[in-house]
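Colleague: Sequence:
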Amino acid sequence: MRTITAGLFSAADGVVAEPQDWHFPYFCDELGAAVGELVGGADTLLFGRTTYEGFAEAWPAREAAGQDLEFAKALGDARKIVVSHEQLDFTWRNSEQVPGDLLDFVRELKAGDGGPVAVSGSVSVVRQLLRAGLLDELHLFVHPIALGRGLRLWQDDLDEPIKLRLIKCDVFKSGTLHVVYGPQEQ
Numbered sequence: 000m001r002t003i004t005a006g007l008f009s010a011a012d013g014v015v016a017e018p019q020d021w022h023f024p025y026f027c028d029e030l031g032a033a034v035g036e037l038v039g040g041a042d043t044l045l046f047g048r049t050t051y052e053g054f055a056e057a058w059p060a061r062e063a064a065g066q067d068l069e070f071a072k073a074l075g076d077a078r079k080i081v082v083s084h085e086q087l088d089f090t091w092r093n094s095e096q097v098p099g100d101l102l103d104f105v106r107e108l109k110a111g112d113g114g115p116v117a118v119s120g121s122v123s124v125v126r127q128l129l130r131a132g133l134l135d136e137l138h139l140f141v142h143p144i145a146l147g148r149g150l151r152l153w154q155d156d157l158d159e160p161i162k163l164r165l166i167k168c169d170v171f172k173s174g175t176l177h178v179v180y181g182p183q184e185q
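If you read the sequence shown in my numbering, its first letter stands for residue 0, the second for the next number, and so on.
Some hints could be false.
Listed next, the in silico DSBU-like pairs over lysine-lysine satisfying Cα-Cα at most 35 Å (straight line) [what the hints assert, rightly or not]:
#	residue 1	residue 2
1	K109	K167
2	K72	K109
3	K167	K72
4	K172	K72
5	K109	K162
6	K162	K172
Note that these hints are calculated values from the structure, not bench results.
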């Protein structure tokens, strides 16, 4: 069975929106290595449309320019599956759209052959996978900044609590916490 792991950049107050606007001052080698392991170690990437579009705009050009080449090439070579209600046209290699229901698709994906599946950003996808009990690990990179407003992972939209267990927590030299949760063992 394949594992599905998600990673999100979060402000200390839980805001996960627009990390490109506040994340970079806290970037350090440790954070880069953790994200590289999480995303670069997967053979399949699952994205929401908005996150995919941001990646597809940046990473093929970075690969062509030789910037962050190893990571950019790993992203390009990975199978990229995009969740969207709109029909999409893809220009980044190895990209496809989820056919039909996300949760049914992910159940089949998990049961199939292959390596790890990673979700980067894509808050709506992470929410759905957590609710359905399909996420094996949730990596939160909690940055030492409070933003006060913006999209949070959860915004008064849980019918009942999702109980998690702490797998590990590391502190990076930038002050960012790398908190890894898994589903609470039953």
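Colleague: Against this structure, judge whether each hint is valid.
Modeller: Status of each hint after checking the structure:
1. K109 to K167: Holds - the C-alpha atoms of K167 and K109 are around 23 Å apart, at most 35 Å.
2. K72 to K109: Status holds; Cα separation ~24 Å.
3. K167 to K72: Holds, at roughly 29 Å.
4. K172 to K72: Status holds; Cα separation ~27 Å.
5. K109 to K162: The hint holds at about 21 Å.
6. K162 to K172: It holds: about 29 Å lies between the C-alpha atoms, which stays within 35 Å.
In the structure shown, no violation is registered for any of the earlier numbered hints.
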